[in-house]
Amino acid sequence: MSESTTPVKAPHLFTLSDYQSGIARWCPGCGDHGVLAAIQRICTEEQLPPHKTVFVSGIGCSSRFPHYMKTYGFHGLHGRAMPVACGVKARRPELQVFVSSGDGDFFSIGAGHWIHGVRYNMDMTLTIFDNGIYGLTKAQTSPTSPLGLKTKTHPHGAILPPMNPIQATLGMTNLSFLAQTVDWKPQHLKATLQAAYKHKGLGIVRVMQRCTAYTADLHDEWRRNPEKVLLMKHDKGVPVDPKIDKAFKNQVEHDPTDINKARELGDRTDVLPIGLFYVNPDAPRYDQMTNAGLEMSNEDKAKGLNAALDKFAVR
Amino acid sequence: MSESTTPVKAPHLFTLSDYQSGIARWCPGCGDHGVLAAIQRICTEEQLPPHKTVFVSGIGCSSRFPHYMKTYGFHGLHGRAMPVACGVKARRPELQVFVSSGDGDFFSIGAGHWIHGVRYNMDMTLTIFDNGIYGLTKAQTSPTSPLGLKTKTHPHGAILPPMNPIQATLGMTNLSFLAQTVDWKPQHLKATLQAAYKHKGLGIVRVMQRCTAYTADLHDEWRRNPEKVLLMKHDKGVPVDPKIDKAFKNQVEHDPTDINKARELGDRTDVLPIGLFYVNPDAPRYDQMTNAGLEMSNEDKAKGLNAALDKFAVR
Amino acid sequence: MSNQATASVKVTHVEEQIVEIVSDSGEGAQKAGTAFAALNAKMGNGVWTVEIIPAEVKPPARSTAGASGIRVRFGQEHMTNMGDQADLVMAFNEQVLYGRINQEAYRPGTVILLENKWKDSNNDKIKAQYAKALVDFADRGFVVKEMPLEEACLAHTKNPKLGKNMFILGMLVWIYDRKLETALEEIDHLFGRKGETVVESNQKLCRAGYAYAMETLDFRFSIEAKARAKELVVMNGNEAVGLGIMASGMDLLSMYPITPATSVSHYLGDALGKVGGFLHQAEDEIAAVGFAIGSSYAGRTACTVTSGPGMALKTEFMGLAVMSEVPLVMVVVQRGGPSTGLPTKVEQGDLLAAIFGAPGDAPKLVIAPATIEECFTFIPRARQMAEEFRGLVVVLTDANLATGVQPFPRPEVKPEQFNIPFEQGEWEAGKPPYDWDEKTGMSPRPIPGQVGGEYVLTGLAHTNFSKVAYDPSTNQTSSEMRSRKFAAFRDNLPTPKVHGAEDGDLLIVGWGSTLGSIVEAVDRARSEGKKVSTLHLRDLNPLPRGLEDIFKRFKQVMTVEINYSDPVELGEDRRYAQLAWWLRANTLVDIDCWSNVFGQPIRPGLIYDEIVRRLSEGGLR
Amino acid sequence: MSNQATASVKVTHVEEQIVEIVSDSGEGAQKAGTAFAALNAKMGNGVWTVEIIPAEVKPPARSTAGASGIRVRFGQEHMTNMGDQADLVMAFNEQVLYGRINQEAYRPGTVILLENKWKDSNNDKIKAQYAKALVDFADRGFVVKEMPLEEACLAHTKNPKLGKNMFILGMLVWIYDRKLETALEEIDHLFGRKGETVVESNQKLCRAGYAYAMETLDFRFSIEAKARAKELVVMNGNEAVGLGIMASGMDLLSMYPITPATSVSHYLGDALGKVGGFLHQAEDEIAAVGFAIGSSYAGRTACTVTSGPGMALKTEFMGLAVMSEVPLVMVVVQRGGPSTGLPTKVEQGDLLAAIFGAPGDAPKLVIAPATIEECFTFIPRARQMAEEFRGLVVVLTDANLATGVQPFPRPEVKPEQFNIPFEQGEWEAGKPPYDWDEKTGMSPRPIPGQVGGEYVLTGLAHTNFSKVAYDPSTNQTSSEMRSRKFAAFRDNLPTPKVHGAEDGDLLIVGWGSTLGSIVEAVDRARSEGKKVSTLHLRDLNPLPRGLEDIFKRFKQVMTVEINYSDPVELGEDRRYAQLAWWLRANTLVDIDCWSNVFGQPIRPGLIYDEIVRRLSEGGLR
Ligand SMILES: Cc1ncc(C[n+]2csc(CCOP(=O)(O)OP(=O)(O)O)c2C)c(N)n1
Ligand SMILES: Cc1ncc(C[n+]2csc(CCOP(=O)(O)OP(=O)(O)O)c2C)c(N)n1
Ligand code: SF4
Ligand code: SF4
Ligand SMILES: [Mg+2]
Ligand SMILES: [Mg+2]
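Residue numbers (the working numbering), protein chains in the order written: chain G, 1 to 315; chain H, 1001 to 1315; chain V, 2001 to 2621; chain L, 3001 to 3621.
A portion of the hints provided could be inaccurate.
[As the list claims (entries may be wrong)] Capping the alpha-carbon separation at 30 Å, the derived lysine-lysine pairs in DSS-like fashion look like this:
1) G:Lys150 with H:Lys1150
2) G:Lys200 with H:Lys1150
3) V:Lys2058 with L:Lys3467
4) L:Lys3058 with L:Lys3194
5) L:Lys3194 with H:Lys1311
6) V:Lys2194 with V:Lys2274
7) G:Lys311 with V:Lys2467
8) V:Lys2414 with V:Lys2274
9) H:Lys1303 with L:Lys3414
10) L:Lys3467 with V:Lys2467
11) G:Lys70 with V:Lys2431
12) L:Lys3230 with L:Lys3555
13) H:Lys1303 with L:Lys3431
14) V:Lys2230 with G:Lys303
15) V:Lys2274 with G:Lys311
16) V:Lys2031 with H:Lys1150
17) L:Lys3179 with L:Lys3132
18) V:Lys2031 with G:Lys303
19) L:Lys3467 with H:Lys1138
20) H:Lys1198 with H:Lys1228
21) H:Lys1311 with L:Lys3230
22) V:Lys2439 with H:Lys1150
23) L:Lys3127 with H:Lys1303
24) V:Lys2125 with H:Lys1070
25) L:Lys3127 with V:Lys2467
26) H:Lys1150 with V:Lys2058
27) G:Lys70 with G:Lys150
28) H:Lys1228 with G:Lys150
29) G:Lys70 with L:Lys3125
30) V:Lys2161 with G:Lys311
31) L:Lys3497 with V:Lys2125
32) H:Lys1200 with H:Lys1070
33) V:Lys2145 with G:Lys311
34) L:Lys3127 with G:Lys138
35) L:Lys3158 with L:Lys3226
36) G:Lys303 with H:Lys1150
Please keep in mind that the hints were generated in silico from the structure rather than gathered at the bench.
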């Protein structure tokens, strides 16, 4: 056949710069820079076509993320990244969708979409930038602000126990992938985000992120004392580069398909567990339901509409 | 002292009719009637002064609840019972607050306030009427509609796995009391609601409630086969009348302070566990924080304001 | 066809009739009425049907607030509204009639065929109620005929409670000399899905009712029917909106249930799949509109359907759609407000909230269908507007249109209408994502998947490259571009035609579902020589050009609306009805209004009375 | 006081000055400016301060969009706005000046004292930028004086980056011949909390700056100060709102953070406790307003503070507050819109959304303070209105008032103002919870805890007993009652006074933060004999009576607003500014508008220019 004679066009190779858009306007030292670098590297490795990739976010420092990607982007409303992202994916299954959201954006005003987004389990990658503070609006209490943290709305210290979003997510129905990592371990950060990307379903990654402007020392304990970070390891988990494995003094073997174990780990406050808490590749995916009928021809649609009208016809 | 000579006025005894307001306009056979009867009995037993009792709700059949109580009531907006109730309690600690909400009202549109309401843990009693359907709007899918349930919005059957609100709640930070019961076991229903009322903190009760109009046979399995209902029993749990204890063929001893056990029970779908899943009387209560300053005198307030103005004074 | 009437039967020729069937909820009145309406439409008569729905799912039996049923207005001509007082009522108990009496549904002379089993009730209270009502009805001038309806059914069914609706249908078929065969076909259509036994037993009851009426009644009516030129479809406004969505090519409806909008999704829950679409029931209204906007952004323009309280929740996203120029169709089926208000009742109270609802300058196109047919046709139009003008189109219908049933010519269907203007070719290099035409503000949009079109949509003030604006002038320019689209849209907006003379003493201006009633009232007044005309607006924002000129040709201009306005006595303090405000601001003409919030469609008779009052001595301001 | 100037110093007498300190963010410019402003206020001068805030937390250094700093306008008279172009600028780099130049902050002749370390930068790009800017500044007519500011600081501190702001302050003290002692006291006030060492090192730098200026500068200004009659307080509008809440007796602020409203809660997070109140940061705006309404219902009238996007989310609850007549004060600090818009910039774009935002007829009282002092006084007033008229009061301020700083007479504090009208006695037997006065629509409300007052508040249409309405007329009646409160409110609303003559060629109508600029421009034009006056509206819904009469006495009426309107060229298609729409609808007077959405306070000079244009030949329409 004539098609076979057409020379196969070499696939276009996307380079890092194909994903980079301008200079990120986050504060110097902000953890968001590291996540951006990791995601841009993942895009390059995975050769994601920029025109088929969409970054969706809410409002916050971290939600500026799409502006620094040279892909399609949707920098929407505070707390509403999930519904928009789900809508993008609903009828365009071929688009790769990433969501960026902050702890305020996601756990506070966006909390209703959190629990429902988990249940929808649409195939996309969700990064939650948790700096324990409202960054963009200049330091108000967030749901994950530790008890006693002095913020602008609680100058005498936050008064409610901080939310444990890992445990909350582990309780939600139809969870399919939940991991945690930190912005200051670039290898683990990238490996975790990449595993979430590769997961078919909603890959959720909570990144403990430094806000140098307002919560600079929030993560000091974990950063200074390697014992305080607990690396969760498993064949089915986030792959850890053997070269840096030793840097993690405190490790645990954790089968991420074991929800009870995951919940026990999720309750731990003595250490910060990082890696994959839970995965369920078989969780039903709503995107496979919402794309129903995409292949229907206009002729069949016309037939369908006529049949529908028949039911109302005065014969 | 002269006070001692004043005859002690016998406390006014409130009777059932002091809490009854008109005929409830729910469908005949609707499970809501039973909950109403239980709560009116509790009010009588506990001698709650009607003028110091406030029933707050959202919108839905079950949210009509306040209209049938001869107390103060607030029948507000769909999904927003929790914020309003918290506001009522915030500066009026002496008021007894009850919240009524449906599965759509609470788990769908109200989901954000669910997770935050649990965290606030204000001292009130929350009843969630779960009939697995949107009743008032005439049979659309709710988050707890079972897979395949034919509803008006999903005439071919609900397509997402039903939410497990018990497990979700067990994951939420600062949970202090979570129980489950059914509308067709009046003794257990009342005992559970009464335990929630007595609990100091947010007493959450999910009532599996029959909607005779739209999901009449949803609970048939549990109602017909006593083996399918698992009674959770414990000293610290919901007290079960020994007279009806035997009616529950399937029982388990469950210490409600054991969160891990609670979560294992919460995952069970082979049976319907009823009773107290979890209790933590020590969870911090936001109402004890929001009532700060109530006792301050006007003079002290004036002093406080003057001191505040001093800071801006051009001396 | 059994047309033989007994000798003593008096046959009256009428041009139209208003029939009601009223019952407790769950007695099947609506089914019977729907079948009767369809039957009339098939015979070539004009029909308007409207459901009588109580506020609760199952209100207490025999209660004023529990009236459930249907009104069918039918006649020789095209019917455009529910009319005034009923001519004939079939009632299953006397108490529900009070619900209708409160709404002034009957007049002296209205004939009521009333179930009489209550007179022998074991319950003394019921017995007394019934007796008292009979006296009262007589006082009110109603012509009551007591009939043992359930008893009569008992011969034909074990459960007359359930079957009597078809018995009633049969009676109506005889009374109005309709084709029994066609009625039986309708029953087949209605119950077909439930199997043959059900169909047959219902047909049997219908035949029995027909025979019973023939035996017992001494009156009958004849109504002419015009041969119908075109093939018709008959449906309510929400079904029409649903079919309009299907016909528009939009393949996603993202919604959250709310009365009276929900039935659009009830219909589409099944039907949308037939044209390859998907219905998303979101967790709340905010998520519903966000989901729709996401899909629109990704090139599949979507629709969301809601009512007032839902629109309130969508306000923030409405602003985003305008700011970021994402096409979106939002249908608002208006109900009584403010707040939860009157969820099942009609109001036209959301006009100004739709126009001004979002903070900042957020110009959106607002249109309002006035007939059931327009409920259908305005949706494809709205989609096209949303895409061409790259923004939000709000379509305002109301509970009156939502539940009103009317036949209209069957729309043509062409495969091309399902084309999705879904460009996936390369985006021109260097062309900005907002390549605003300076004059019209219009611009094509890049769609994810287009190479070279990559941009980041944002709700922040932005340049034509969608970059966050840091300098003062960008916001001014981009605001101007969004506003310019309005003037451009107006360019193609014809000035609406006045119904009646081009000048006169009084011009009534209406919008939305009141069209039929207003025209009927105006025509009646005009036939009596009154110099009244009417103008109906479908485009509310922007308004069409040329209105001021029209208004100036009339001595008085007055809107008729179903929303709140203060009584005239308040003088300077008076708050106007919503369209009146908007027209005053736009034209500076002293436009009066006549409106109410009874939650009822405004009847033609009341409008007529108001016209007479306005045009009488002293009525002129 | 060291008043000795060197022989060569030229001292100019001025009536007022506009000084800016501009830097990268984090260089302390705002601290220096605040201290300088306070110092002026103390000396009896009029002062207006406004912060220059970049959009990001830490924008890139030396960038146009990164300009951070402060403007201080001060002079002999009371200062009401930020004025036009600056007289003197202290700048830490030349690039940030471009951010200000884009906003037309400078004029030919503006003196710029510029840090000159950049000219020897190791970075060639910086060096070149600096050189190029110097040439450009000269072209623009700025008078640039390069100075080695950081170097000069080095002698007095190890970290001049952090200390130079106080050095600058010292220089300003010398330049304007202010009291050095008072400046040092201010530093004590500013840094006192941080300990003596910090205070002393800052005072040292201030002294050094003073000495340095004396040594190096050859110009100086003198400004008279009037003795002040009353004790003053000086603060920005958001602090004034915060203090207003404290003073109002409302003891709950329920909010969700949003720029530019958040700083109200920053202030109250600490301060509200001092008057026994509590600040609730909710999970979102909907919960924030719901919480406030719950508290209000329970007798503790609460306040919520937000900005446009937050108001959008609160729309549904706003409708409930109106419908159920719950007192509620909602402060909206307006920012640039629509959507996320310009979060840190000023706009008056939420007026119509506030008036019409909620579906159905939801009349709410809308007021707008025009000065910092009114930001304070309007809150107790709003509370009183909310309780008396039992409903929602929206207070519209904006980003200009929020960050503008101005002294005003210290308010008096009385213990009685904290009385909570919190009735816990028995409710009169049989009295309905909505005991509407037929004429005024007003009614007292039962509060949980009152024996006999038990009722169930509902957002459904309801009777005076708060029972769900099933009959048509209840909704009409209750809507009427809610509307009547408006007319009753108007009874006590004085017609506002015209500033200037009572008639003339042009009347400018304004609202909110533009008062100072408008009055200044009008006074200037009037002093030149122009027949222009101005009317400032504080009550926006309802409007006061008598406006039409006022408007008719002027040949032209025009609003000046900071929101979007189409240019005049659009003719018939033109969309008006928000107050203009509203006044047109209310008065039918052909009211023009002049507005923009540059995100900047409108400067008096531009208004003056527009007055001149309007009154020149051809300018009259
Ligand atoms: C409806 C609405 N409410 C509030 C805001 C103001 N706002 C912007 S970002 C933000 C919180 C940011 O915190 P987080 O989500 O943790 O993101 P971060 O800046 O820390 O990355 C808030 C409250 C808004 N833009 N819109
Ligand atoms: C903002 C808003 N959205 C939607 C509705 C319509 N609505 C009323 S009740 C309801 C759901 C009721 O279901 P549920 O909460 O389960 O209560 P039930 O009637 O089953 O007791 C909905 C969607 C509304 N009143 N307000
Ligand atoms: S404020 Fe914090 S989160 Fe935001 S950019 Fe700066 S460091 Fe990052
Ligand atoms: S519809 Fe269902 S939930 Fe509602 S009143 Fe009837 S039975 Fe109860
Ligand atoms: Mg954060
Ligand atoms: Mg339900």
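Evaluation of the provided hints:
no.	hint	verdict
1	G:Lys150 with H:Lys1150	violated (51 Å)
2	G:Lys200 with H:Lys1150	holds (28 Å)
3	V:Lys2058 with L:Lys3467	holds (18 Å)
4	L:Lys3058 with L:Lys3194	holds (24 Å)
5	L:Lys3194 with H:Lys1311	holds (16 Å)
6	V:Lys2194 with V:Lys2274	holds (22 Å)
7	G:Lys311 with V:Lys2467	violated (50 Å)
8	V:Lys2414 with V:Lys2274	holds (15 Å)
9	H:Lys1303 with L:Lys3414	holds (9 Å)
10	L:Lys3467 with V:Lys2467	violated (53 Å)
11	G:Lys70 with V:Lys2431	holds (15 Å)
12	L:Lys3230 with L:Lys3555	violated (41 Å)
13	H:Lys1303 with L:Lys3431	violated (39 Å)
14	V:Lys2230 with G:Lys303	holds (20 Å)
15	V:Lys2274 with G:Lys311	holds (13 Å)
16	V:Lys2031 with H:Lys1150	holds (21 Å)
17	L:Lys3179 with L:Lys3132	violated (38 Å)
18	V:Lys2031 with G:Lys303	holds (28 Å)
19	L:Lys3467 with H:Lys1138	holds (23 Å)
20	H:Lys1198 with H:Lys1228	holds (28 Å)
21	H:Lys1311 with L:Lys3230	holds (16 Å)
22	V:Lys2439 with H:Lys1150	violated (52 Å)
23	L:Lys3127 with H:Lys1303	violated (57 Å)
24	V:Lys2125 with H:Lys1070	holds (26 Å)
25	L:Lys3127 with V:Lys2467	holds (28 Å)
26	H:Lys1150 with V:Lys2058	holds (20 Å)
27	G:Lys70 with G:Lys150	violated (37 Å)
28	H:Lys1228 with G:Lys150	violated (50 Å)
29	G:Lys70 with L:Lys3125	holds (26 Å)
30	V:Lys2161 with G:Lys311	holds (28 Å)
31	L:Lys3497 with V:Lys2125	violated (67 Å)
32	H:Lys1200 with H:Lys1070	holds (24 Å)
33	V:Lys2145 with G:Lys311	violated (37 Å)
34	L:Lys3127 with G:Lys138	violated (33 Å)
35	L:Lys3158 with L:Lys3226	violated (40 Å)
36	G:Lys303 with H:Lys1150	holds (26 Å)
Checked against the numbered hints given earlier, this structure breaks hints 1, 7, 10, 12, 13, 17, 22, 23, 27, 28, 31, 33, 34 and 35; the rest are met.
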